[in-house]
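Which chain is which? The protein sequence lines are A and B, in order. Numbered by this note's numbering, the letters in the first sequence go through residues 79 to 203 in order. Numbered by this note's numbering, the letters in the second sequence go through residues 445 to 656 in order.
Please note that a few of the clues may not be correct.
Between beta-carbon pairs, the in silico distance windows are [stated by the list, open to error]:
1. A:I167 - B:F596: 16 to 24 angstroms
2. A:I101 - B:L543: 40 to 48 angstroms
3. B:S501 - A:V134: 54 to 62 angstroms
4. B:R454 - A:V180: 30 to 38 angstroms
Covered stretches of chain A, as calculated for chain B (at least 3 residues, CB under 8 angstroms) [unchecked claim]:
5. 86-100
6. 180-192
Hints are computed from structural coordinates only; laboratory data are not their basis. A quick note: this is a predicted structure, and the numbers were derived from the prediction, not measured. Cβ atoms here follow ideal geometry from the backbone N, Cα and C, with glycine treated the same way.
Chain by chain, the residues run as shown.
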Amino acid sequence: MRFLVVDDSAAIRRIVVNSLQRIGYSDIVEAADGAEGLALLDPSIDFVITDWNMPVMGGLDMVRAIRAQPGRSALPILMVTSRSVREDILQAAQAGVNNYLVKPFTPQVLKDRIDEVLLKLKGAA
Amino acid sequence: MNPGVVAPTRDEVLADTRETLRAVARALDFMAPVSGEVSAPGIANPMQHMTRLLAESCSELAEILEGLRQTRDLIRGAEMDHLQNSTAALQDATPRSELATTGMLAGIERCQALLDRLAPAASPEVLPAAPGGDPREALRDELHQIMQHLQFEDVTAQRIGHATGVLAEVGTRLGHLVGMLDSCGISAPVRDPMATTQGAASPQALADDIFS
Numbered sequence: 079m080r081f082l083v084v085d086d087s088a089a090i091r092r093i094v095v096n097s098l099q100r101i102g103y104s105d106i107v108e109a110a111d112g113a114e115g116l117a118l119l120d121p122s123i124d125f126v127i128t129d130w131n132m133p134v135m136g137g138l139d140m141v142r143a144i145r146a147q148p149g150r151s152a153l154p155i156l157m158v159t160s161r162s163v164r165e166d167i168l169q170a171a172q173a174g175v176n177n178y179l180v181k182p183f184t185p186q187v188l189k190d191r192i193d194e195v196l197l198k199l200k201g202a203a
Numbered sequence: 445m446n447p448g449v450v451a452p453t454r455d456e457v458l459a460d461t462r463e464t465l466r467a468v469a470r471a472l473d474f475m476a477p478v479s480g481e482v483s484a485p486g487i488a489n490p491m492q493h494m495t496r497l498l499a500e501s502c503s504e505l506a507e508i509l510e511g512l513r514q515t516r517d518l519i520r521g522a523e524m525d526h527l528q529n530s531t532a533a534l535q536d537a538t539p540r541s542e543l544a545t546t547g548m549l550a551g552i553e554r555c556q557a558l559l560d561r562l563a564p565a566a567s568p569e570v571l572p573a574a575p576g577g578d579p580r581e582a583l584r585d586e587l588h589q590i591m592q593h594l595q596f597e598d599v600t601a602q603r604i605g606h607a608t609g610v611l612a613e614v615g616t617r618l619g620h621l622v623g624m625l626d627s628c629g630i631s632a633p634v635r636d637p638m639a640t641t642q643g644a645a646s647p648q649a650l651a652d653d654i655f656s
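Isolated chain B, as found in the complex (with noise of 0.2 angstroms):
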């Protein structure tokens, strides 16, 4: 998480929300028509306009809240079990590629060894000398190619380990986003923001006239 960014508590976010609520409350008691006052054309109620906006900002507030709720129920339950799953097994292939290449290298060197145990004994009857030389020392030499190649275990691990790095601070930065959407009240039911007992028609004038 950037150390910049400090999350909102709950309680900040609430009192953040009353006064906007009060701001808006003073506004649409300014804006309320005067007695005998005409609308303009196509506005019944320039109030009640203004509080079916509301009412639609705030339909959309809460679609964005319930995304954001799905979002980190996603990140909490789904990825951030894969990710986790996916680095614990990133950290279980490279002992596991280390212990087999352990074994294949140890192979080698007891072919070395048979090798080397078999040159004296070899008569060019049983061995015959091949056309690029002595196959002993051609095998030889391919079971050194052989252990060469097993450097890719290193190399790997080596890039195994900073992929199973960077998947974990990943698994931890979407930790800390988990908690940033807990502690903004996101895993609370969704409420309804424009509640208020203060100023503005009463909720049941404006459901009548959407419904009228």
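Only chain A is shown next, with the shape it has when bound in the complex (with noise of 0.2 angstroms):
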């Protein structure tokens, strides 16, 4: 499985592909921002991990731009942020996102809620 990481913090990629290393994912691909991770988004990405909060272009923004792309509504997308009001997760349900994890995470976290997405989606097809 191929997974997109996005986030503009340098630090937070790295913990994010180290964790999704320590549960077993390695092919993974990063971004640093919604436009750059848009740009690497090609048929081999299985899976998407994105923060919000992000210059050039945000979280929300990018996931709203893969759902209006044909041939992308499956796409499992989990944003990972540190936005933790109830609004703010509502709204990311409504842009499209399958999952919604607060930081700080712990591995096991974060596997969990990868399970979860793709075991949903698996029910849903």
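Mind docking these for me? Both chains are given alone in their own frames, and the hints should help you get the complex.
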């Protein structure tokens, strides 16, 4: 499974990548903002993990742009962010995010969220 | 600044003041005692009494204006400098913190790489099995725990970014406030708003009355 990790913080990207490797995923592409994420998004990407607040293009706008593309409605997207207000979470869900993880997180919680998203999409298919 | 509030210009303030003074002068003329009229007990002359009240009000207004001027100077001098310095310090903290965190993460990754190299080379004599299992795995877990804790940097950076934005907004609003005080003539030396050549008693008569 190939992951696209989008976050403007190099530190958080390292932590997410390290956590993914720890739970068994090693095929990972990184992007520093939504625009770069969109540019790197190709059919080989199976799962997107994105931050919300980023320069150039934020995570929410990137998710909307992805969902607007034909054939991307079922691409799993997990938002990992420090925003934890109910309205924000609802807004992310409306934009098309499949699940939402509030920082700080542990590799186990990340794994649980990824599994949950994949299981739900498998059930819906 | 509240977009609904428009600061009056200096000319508007002066025109209002002129109109007010004329109205006061007319009132004083109206109240002037008719020749031979007996004043109320304790008040030698109602007009002089009114003039004294106005002079006291004028003095209070001058004090208020002086207070506003001092406030303006304080905001412009100390507070805005302090705000700008605090904002700059906060803005500087975020990249430094991120740089330090990235450095720590790189160090942890180097330790993990060293552990990977150490793992096949180490024999049980060198690294005896710990009661809880392989100490190398325990060390790997500890390193990963430290890495997870470094997420604090991003969370803190978000909050610092928010605080910096709020401080910048406060600075902008204070700047607008200082601008409003300037446009109202607070920066000019305080002038006597009672100065007029029309009606009422002469200022010298008032002074004589007070000091007599």
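Going down the list of hints, with the structure as the test:
no.	hint	result
1	A:I167 - B:F596: 16 to 24 angstroms	holds (21 angstroms)
2	A:I101 - B:L543: 40 to 48 angstroms	violated (28 angstroms)
3	B:S501 - A:V134: 54 to 62 angstroms	holds (60 angstroms)
4	B:R454 - A:V180: 30 to 38 angstroms	violated (54 angstroms)
5	86-100	holds (count 9)
6	180-192	holds (count 5)
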